[in-house]
Amino acid sequence: MLQKNLLVMNKVTAGYPGHLALKDITFQVDAGEAIAIVGPNGGGKSTLLKVIMGLLTPFSGEVLILGENPYKNRLVKRAIAYLPQQSAINPHFPALIEDIVQLGLYSEIGLLKPVDKSHQKRIHEALDEVDMLGMLGEPYEHLSGGQKQRVLIARALVSKPQLLLLDEPTTGLDLPSQKGILQIVKNLTVADKLTVIAVTHDQFFLKNWAERILRIEQVLSFNGTANSYFERRED
Amino acid sequence: MLAIFEYTFLWRSLAAAVLIGSLCSFLGVFVVLKGLSFVGAGIAHGAFAGVALAFLIGANPFMMGLLFSLIMVWLIGISSRKGNLNVDASTGILFAVTMALAVLFIGMMRQYNTELFGFLFGNILAVSGQDLYYMGLVVIGVFTVLILGYRAFYYWAFDETMAQASGIPLPQIFFLFLSLLAVSIVASLKVVGELLVTAFMVIPASSAYQLTYSLRRMIVISIFLGALASLVGLIISFVWDVPSGASIVLILGLEFLLSTLFSPKKRHFRRGRGEKIER
Numbered sequence: 001m002l003q004k005n006l007l008v009m010n011k012v013t014a015g016y017p018g019h020l021a022l023k024d025i026t027f028q029v030d031a032g033e034a035i036a037i038v039g040p041n042g043g044g045k046s047t048l049l050k051v052i053m054g055l056l057t058p059f060s061g062e063v064l065i066l067g068e069n070p071y072k073n074r075l076v077k078r079a080i081a082y083l084p085q086q087s088a089i090n091p092h093f094p095a096l097i098e099d100i101v102q103l104g105l106y107s108e109i110g111l112l113k114p115v116d117k118s119h120q121k122r123i124h125e126a127l128d129e130v131d132m133l134g135m136l137g138e139p140y141e142h143l144s145g146g147q148k149q150r151v152l153i154a155r156a157l158v159s160k161p162q163l164l165l166l167d168e169p170t171t172g173l174d175l176p177s178q179k180g181i182l183q184i185v186k187n188l189t190v191a192d193k194l195t196v197i198a199v200t201h202d203q204f205f206l207k208n209w210a211e212r213i214l215r216i217e218q219v220l221s222f223n224g225t226a227n228s229y230f231e232r233r234e235d
Numbered sequence: 001m002l003a004i005f006e007y008t009f010l011w012r013s014l015a016a017a018v019l020i021g022s023l024c025s026f027l028g029v030f031v032v033l034k035g036l037s038f039v040g041a042g043i044a045h046g047a048f049a050g051v052a053l054a055f056l057i058g059a060n061p062f063m064m065g066l067l068f069s070l071i072m073v074w075l076i077g078i079s080s081r082k083g084n085l086n087v088d089a090s091t092g093i094l095f096a097v098t099m100a101l102a103v104l105f106i107g108m109m110r111q112y113n114t115e116l117f118g119f120l121f122g123n124i125l126a127v128s129g130q131d132l133y134y135m136g137l138v139v140i141g142v143f144t145v146l147i148l149g150y151r152a153f154y155y156w157a158f159d160e161t162m163a164q165a166s167g168i169p170l171p172q173i174f175f176l177f178l179s180l181l182a183v184s185i186v187a188s189l190k191v192v193g194e195l196l197v198t199a200f201m202v203i204p205a206s207s208a209y210q211l212t213y214s215l216r217r218m219i220v221i222s223i224f225l226g227a228l229a230s231l232v233g234l235i236i237s238f239v240w241d242v243p244s245g246a247s248i249v250l251i252l253g254l255e256f257l258l259s260t261l262f263s264p265k266k267r268h269f270r271r272g273r274g275e276k277i278e279r
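As given, the protein sequences belong to chains E and H, one line each in that order. Quick note: the first sequence uses our numbering, first residue 1, plus one each step. Quick note: the second sequence uses our numbering, first residue 1, plus one each step.
So here's chain E without its partners, still in its complex pose (with noise of 0.2 Å):
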C-alpha cells in the first residue's frame, strides 16, 4: 500500500569533518513523485543522497523513511535503492548481467540464503522491466553504456523499492541511451508508481520527467513544481 509521507527530512544540517555540505534542509516527499534535485557541483546533492540512504548520520534535524529514523531501524533502508553515478563502477568488471541484478537481493538474501527460483523470476523481471531480459547471459563488459545502466536500474528494480535514488543517470551516455533511460524512469512513476528522486544536471531529462525540483546550494533554494522552476529560470 502506498504511504503518504515516504520521505521526510526536518531541518537537515549534514557535512563532514570541517566542511558542512548542508543547512536546515526541510522537505517531504509523496509516495509516486517524480523529484529531480538540482544545484552547483558541491552544493551538497550527493551528501542529501547519501543521508537519505542513512550512509552519513546528520549533524542535527530528523530524518524519517516511511515514518522510521533510518539511523534506528535498518530494515527500513531496504525501500530504498540507489543507481550510483556510472563512472564510479569499474566498466570491466566480470560479471554476467545476471550476477550483476543478482546484488541487488544482497539485503534480503544476505550472505548464505540461497538464491531460488522466485528470486530468478524477479532477476528476470526486474530486467524485463527494463528491456535487458533478451540479453540474460551476456558479459556486463559487452555493453554499451545505456546498456550498463539498464542494468544498475533493474539491480536496483530488483529489490522491489518504494523509493528509488538515481545519481545522474543519464550523464556520459549518447542521446539515444538518454532518450532510454528517460523513458524507463518515466514508465517507472508513471506507469508503476514508483517513488523516484534523481539527482541531474540533464536538461532534457529534467524538462521531461520531473514533476518537482528541489536546488540544494548547502541551503533548499527552490522546492516547487518542474513548471515554475523553468518559468522562474526563463525570467
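Think of the hints as simulated: they come from the structure by calculation, not from any bench. Because the structure is a prediction, the values reported are computed rather than measured. The C-beta atom is built at its ideal place from N, Cα and C for all residues, glycine as well. Some clues are possibly wrong.
Claimed, not checked - Here are the simulated BS3-like pairs of lysine-lysine, each with C-alpha atoms no more than 30 Å apart in a straight line:
#1 E:160 x H:34
#2 H:34 x E:23
#3 H:34 x E:50
#4 E:113 x H:34
Stated by the list, open to error - If the Cβ cut is set under 10 Å, some of the chain H residues that face chain E in the computed set are:
#5 85
#6 103
#7 104
#8 107
#9 110
#10 112
#11 114
#12 149
#13 152
#14 164
#15 168
#16 212
#17 213
#18 216
As the list claims (entries may be wrong) - Rough simulated footprint, nothing fancy, chain H against chain E, three-plus residues with beta-carbon under 8 Å:
#19 90-97
#20 102-108
Using the hints, position chain H against chain E.
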C-alpha cells in the same frame, strides 16, 4: 626425472607451493579488482621488518611478521578511513618506514643471517612438516572466510556505495580483507619470499581476468593457474637447480603472456572493432 619424487622434502615443498599458490591467487582476484596490489607489497615489507626484528631479539619470526603486518593493515585502514590520505599514500609511507626498520634491524645484527634472507627471497625446499601444517590451517581459514563472505566481497569489489547502501558494513569488510591478506602474506614468506609474494597476489588473477567474464570462474581459474605455476616452477627449480621463487614467478609470467595472447576478450573486441553492441 621421476626419481626426484622419492624425496619426502620435495613432496612437502610441492604441497606448500600448491597451498600458497591457491591461497594468494584466491585473494589476488579481489586485490586486482580493487586495485590493492601496492597494499599487498606494503604488507609484505611490513611483515619482513617484523621477521627481521624477531631474528634480532630471538622471537618467533612468523608471529612477529604477523604482528607487524596486522599493525600495518590497521594503520593503512585507519588513515585511509579517518584521515585525508588515500590507501596508496598511506601504504607508501608505511612501505618506506617498515623497509627502513628492516634495514635498521639487519644493521643491528652482529653477523649475516642466511635464514632471514630466506624470507626475502623464499626457500621452499626448507619447508618443514610443521610449516606445512600451519599453512594448511591458514588456507582453510582464509578460504572459509572468503567463501562464506563471497557475496559481500563480490558487492564490495563491484561498487562500495551500492554495497554499503545494501547493508554491507564497508569498513569491517575492508579491514577483514586486509587482515586476510596480511595473514596469507606472512604464511607465504617462507615459500616465495617477501619480494615475490606480490607477484602471486597479482599475476594469476590478472591472467584469469583475461580468460573469463564471470567472477566465480575468475576465482577458479586464478587458483588453478597459481597452483599450476607453483607446481611446475618448483619441479623446474629442482630439475635444473635454479631458485624456486624465481622459477615459479617466471611461470606465472608465462601464464599471463599466454592468457593475454589467447584471451577471448581480445577476440570479442577485434570482432566488434572495439565498438559495443546496442540492441
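Fill in: Hints that the structure is at odds with (numbers, increasing)
2, 5, 6, 7, 8, 9, 10, 11
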